[in-house]
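Undergrad: These protein sequence lines are chains A and B, in that order. Yeah, the first sequence ends on 220 if you go by this note's numbering, and it's all consecutive. Yeah, the second sequence ends on 220 if you go by this note's numbering, and it's all consecutive.
These are calculated hints, taken from the structure and not from any lab test. Built from N, CA and C at the ideal position, the CB exists for glycine as well. Treat each hint with caution, since some may be false.
Facing chain B, a subset of chain A residues (Cβ under 8 angstroms, in silico) [said to hold, decoys possible]: (1) Val-13; (2) Gln-14; (3) Gln-17; (4) Gln-18; (5) Val-84; (6) Ile-88; (7) Lys-92; (8) Ser-104; (9) Glu-106; (10) Glu-110; (11) Arg-111; (12) Ile-114; (13) Gln-136; (14) Tyr-137.
Below, in silico cross-link-like pairs of lysine-lysine (DSBU-like), each with a Cα-Cα straight-line distance of 35 angstroms or less [claimed, not checked]: (15) Lys-101/A to Lys-163/B; (16) Lys-198/A to Lys-69/B; (17) Lys-101/B to Lys-69/B; (18) Lys-101/B to Lys-163/B; (19) Lys-163/B to Lys-69/A.
There are 2 protein chains.
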Amino acid sequence: MHILIVEDELGIVQFLQQGLEEEGYQISTAADGAQGYELSQNEPFDLILLDWMLPKMTGIEVCKAIREKDKITPIIFLTAKDTVQETIEGLKAGANDYIKKPFSFEELVERIKIHFRNQQQDEILTLGSIEINLAQYLVLVNEEEVSLTHREFELLCYLVKNKGKVCTRNQIIEDVWDIHFEYDTGVIDVFMNAIRKKLNLKIEQDYIKTVRGVGYIAND
Amino acid sequence: MHILIVEDELGIVQFLQQGLEEEGYQISTAADGAQGYELSQNEPFDLILLDWMLPKMTGIEVCKAIREKDKITPIIFLTAKDTVQETIEGLKAGANDYIKKPFSFEELVERIKIHFRNQQQDEILTLGSIEINLAQYLVLVNEEEVSLTHREFELLCYLVKNKGKVCTRNQIIEDVWDIHFEYDTGVIDVFMNAIRKKLNLKIEQDYIKTVRGVGYIAND
DNA sequence: TTTATTCTTAAGCTAAAATTAAGAATATAA
DNA sequence: TTATATTCTTAATTTTAGCTTAAGAATAAA
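Put together the whole structure using the sequences plus the hints.
TA: What follows is the structure, given as structure tokens:
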């Protein structure tokens with residue numbers, strides 16, 4: 001999650017940046033309104049923290065400018081302007097929240113999380129640098145999309161879901177192929193081969209190992 | 001827009017109800033936590049205003065209970081509990097905002113509006129260069145109007161609303177056809193075929209892909 | 001080295017999806 | 001209401017993706 005901080009007081013910027021990075025967010029900063037608006041147009045942010053009093057463009061102006069095109073990205077005002085009228089002006093400009101200085105950092109974090117709650121509900125499995133998006137039936141290897149067939153996808157998911165445990169050929173045939181009797185063709189091998197070929201992992205990325213005589217195991 | 005007020009102090013309830021009705025909202029009220037939770041389960045509200053100190057169930061308990069099933073409906077705490085710790089507790093329970101008494105009615109209205117902003121704007125859906133106007137049942141492809149039948153329109157909307165996620169055949173039959181048992185004729189295929197034919201997209205505009213063995217996915 | 005296991009490849013087969021057409025159901029107009 | 005047009009559904013046909021098999025190559029174990 002990538003957050004843009006638009007604030008001119010260096011002390012506050014550093015305080016926010018450090019705290020939010022510790023929370024696991026990626027942070028970009030802008031020291032004046034114009035630069036903040038500029039940045040917001042060049043790359044997509046997941047949330048924007050905005051001061052009111054800024055050089056070149058005020059926070060209100062930045063907020064309105066962003067909202068002309070983008071109605072979605074959450075914007076939170078973070079400002080010493082604490083009258084009701086100012087709060088209302090900020091919210092009317094299109095902000096999603098308005099927090100008055102001095103504020104509690106912990107409360108800020110909770111208020112930030114509110115906006116991410118609704119977005120993060122897609123289930124994602126990972127195996128090393130492999131990312132599996134279950135909702136999209138999508139596999140990313142080192143950020144690159146790899147297209148697997150349905151069976152390949154299911155087999156990979158099965159191994160990843162059982163990360164750290166050896167999956168025997170029998171278990172795989174049972175659970176992935178749904179065959180409940182002795183079955184010993186080379187199907188699994190063929191599919192493992194196809195998956196490995198498509199994932200095209202480097203030698204040091206040996207996330208999927210074969211356990212000779214038994215089956216396979218995934219591990220990051 | 002229908003708002004539920006859960007608050008035991010009659011004076012505040014009347015004040016809120018009158019003010020919000022003047023703003024054009026439909027209001028329901030509950031005088032204790034248990035009744036508030038009960039109401040929230042029986043009919044869908046667009047937003048819930050929640051006091052903290054309530055008879056029978058506290059606001060926190062109501063909030064958590066609602067959030068067990070429903071992660072979406074905005075919940076705003078409106079309470080005299082004004083410490084940082086309490087605010088955080090409220091937000092962590094799943095609330096979307098936390099307003100401290102005494103509050104400005106005007107600010108409350110603005111904060112309520114924030115949550116409706118996002119809902120009301122999806123009158124128009126887009127998928128690449130396809131534009132779907134829900135209010136007019138109108139579809140534009142590269143600015144050109146395309147006339148779809150009702151079912152075709154619904155199916156297309158469903159895919160677009162779930163943009164980025166694979167829609168399985170079962171989900172489609174459930175949600176678009178409203179059939180709740182195993183049903184495996186070729187209807188979906190026929191309609192997908194009709195939609196694709198009518199949209200008449202170029203090869204590079206492959207916004208609607210079939211996911212073999214699973215279903216379909218829309219993506220711009 | 002011998003033997004067993006796993007990997008790789010390619011060809012045939014199977015099942016899923018696309019297409020088409022025709023009849024049933026529903027909506028619209030006369 | 002009846003007549004007409006539109007839309008929906010079913011079913012048969014064609015096409016295509018991908019699953020399976022089997023056989024030889026490569027690799028690991030004995």
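Undergrad: For every hint, state whether the structure bears it out.
TA: Results of checking the hints against the structure:
no.: 1; hint: Val-13; verdict: violated, 22 angstroms
no.: 2; hint: Gln-14; verdict: violated, 22 angstroms
no.: 3; hint: Gln-17; verdict: violated, 21 angstroms
no.: 4; hint: Gln-18; verdict: violated, 20 angstroms
no.: 5; hint: Val-84; verdict: holds, 4 angstroms
no.: 6; hint: Ile-88; verdict: holds, 5 angstroms
no.: 7; hint: Lys-92; verdict: holds, 6 angstroms
no.: 8; hint: Ser-104; verdict: holds, 4 angstroms
no.: 9; hint: Glu-106; verdict: holds, 6 angstroms
no.: 10; hint: Glu-110; verdict: holds, 4 angstroms
no.: 11; hint: Arg-111; verdict: holds, 7 angstroms
no.: 12; hint: Ile-114; verdict: holds, 6 angstroms
no.: 13; hint: Gln-136; verdict: holds, 6 angstroms
no.: 14; hint: Tyr-137; verdict: holds, 5 angstroms
no.: 15; hint: Lys-101/A to Lys-163/B; verdict: violated, 39 angstroms
no.: 16; hint: Lys-198/A to Lys-69/B; verdict: violated, 39 angstroms
no.: 17; hint: Lys-101/B to Lys-69/B; verdict: holds, 29 angstroms
no.: 18; hint: Lys-101/B to Lys-163/B; verdict: violated, 41 angstroms
no.: 19; hint: Lys-163/B to Lys-69/A; verdict: holds, 20 angstroms
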